[in-house]
Amino acid sequence: MKRYVMLAPTWLVGKKTRLRALEAEDVPFFKRCRLAIDPQAWGFVVQALDGVDLGVLGVLVDGPHAAVAIGFVDDVRYVDGSAADALRVICSGLPRVMPVQRIEALVDAAASSSIAAHRKAGFQQEGVLREALLEGSAYRDGVIMSALVDG
Amino acid sequence: MARVTLTGGPDGVRLEHPGSKHAAALRDGFNSGAAAPSTRWHLPRPMSAINPKGMRRYAIMRGDRVIGTCRLWKPQYAGLELAIAIFDPQERGRGAGTFAVEKMCEVAFVTLGTHRVELGVYPDNAAAIRVYDKCGFTREALLRRYIHHEGAWRDLVWMAILRRDWAARTSITR
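Protein chains in written order, with our numbering: chain B, 30 to 180; chain C, 4 to 177.
Treat the hints as calculated values from the structure; they're not laboratory data. Glycine residues also receive a C-beta, built at the ideal position from the N, C-alpha and C atoms. Any given hint could be a false lead.
[To be verified] For the chain B half of the interface with chain C, some residues (derived, Cβ under 10 Å), not all of them:
| no. | residue |
| --- | --- |
| 1 | Arg131 |
| 2 | Glu133 |
| 3 | Leu135 |
| 4 | Gln153 |
| 5 | Val157 |
| 6 | Arg159 |
| 7 | Glu160 |
| 8 | Ser175 |
[As the list claims (entries may be wrong)] Chain B residues, not near chain C, derived (Cβ > 10 Å throughout):
| no. | residue |
| --- | --- |
| 9 | Ala53 |
| 10 | Leu78 |
| 11 | Ala98 |
| 12 | Asp104 |
| 13 | Ser121 |
| 14 | Ser141 |
| 15 | Ser142 |
The whole structure should be built from the sequences, with the hints applied where relevant.
Right under this line is the structure:
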């Protein structure tokens, strides 16, 4: 990985993580994070504050709505505060540049640590969408969660 | 591709593929502002994008009159999304909506082979929610501040029916 990517400037900085733009050379790392995001989404690499790449985050903005998805190489990032911090960073940063009202996430219903991380970041569970996620050839239920911009 | 019979609704209600003979009535129906907010609707799309593979739209007919419209479109979350509008208030509550929703599910599962049909409906539209309940849809979520309508941000009830639910229902009801 090129050095400039590791040190890429960003104002999307939280207490534990920073979000830098996803670069073409990040594709191998992206694949390790096991996250599918829409090709039209904004892509970020979630880094520790020292510049170590931890995971990726995608944001798809559709008018006043945004959908966010996050994935990590190591699942410990969902419980050590990194995932919640990165989600808080995007939820506070996105409304500063786009007029979004609602930021939602559709999380695998079996991924309890990811659901907990979203909750910790201020997302509220709204329901369970049955067979809304496709993994391999099997559909899985997804928990729909949202964070509203002014609470 | 399996074909679905689009006739047989109450009092002669049926679905037709929209053509030039339906265009004025569909235009006037939406122009009237009387289309019931039975489901959310997307922004108008180019006509060239109306009938791509995997998507369908129909005029809902009673006799020679176009009384509403319905369509299957790319989903917000998964499967296909259903939208329906009944233009004439006097036509609501007479079974046309139920017939159209049931037929759209049949088209979605039998002809298009999807695994899920979903829709969004305003929480205060109890009559529409009753229709979807009756057709086998399950209320899955209350999406907060999802849509801006009549001057305010409003929540949206999200409902869906899965292929297996539909198959179980139709095996019982047939």
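Outcome of the hint check:
1. Because the closest C-beta pair between B:Arg131 and chain C is about 5 Å apart, less than 10 Å, the hint holds.
2. Below 10 Å, beta-carbon pairs count as interface contacts, and B:Glu133 has one with chain C at about 8 Å; its hint therefore holds.
3. Of the supplied interface hints, the one on B:Leu135 holds, with its beta-carbon coming within about 6 Å of a beta-carbon of chain C, less than 10 Å.
4. Here the hint on B:Gln153 is kept, as its CB sits about 7 Å from the closest CB of chain C, short of 10 Å.
5. Here the hint on B:Val157 is kept, as its CB sits about 6 Å from the closest CB of chain C, short of 10 Å.
6. Using the Cβ-Cβ criterion of 10 Å, the hint placing B:Arg159 at the interface with chain C is satisfied: the shortest such distance is roughly 6 Å.
7. Look at B:Glu160: its Cβ gets to within about 6 Å of chain C, closer than 10 Å, so that hint holds up.
8. At about 6 Å, the closest approach between the beta carbon of B:Ser175 and any beta carbon in chain C falls short of 10 Å, and the interface hint on this residue holds.
9. Listed as a non-interface residue, B:Ala53 keeps its Cβ farther than 10 Å from every Cβ of chain C; the least gap is roughly 28 Å.
10. Distance check for B:Leu78 against chain C: the nearest CB is about 32 Å away, which clears 10 Å, and the non-interface claim stands.
11. Non-interface call for B:Ala98 relative to chain C: holds, since the shortest CB-CB distance, roughly 13 Å, exceeds 10 Å.
12. With a minimum CB-CB distance of about 24 Å to chain C, B:Asp104 clears the 10 Å threshold, and the non-interface call stands.
13. Every CB of chain C lies more than 10 Å from the CB of B:Ser121, the least distance being 17 Å, so the non-interface label holds.
14. No Cβ of chain C approaches the Cβ of B:Ser141 within 10 Å, the least distance being about 18 Å, so the stated non-interface status holds.
15. With a cut of 10 Å on Cβ distances, B:Ser142 stays outside the contact zone with chain C, its closest approach being about 21 Å.
In the structure shown, no violation is registered for any of the earlier numbered hints.
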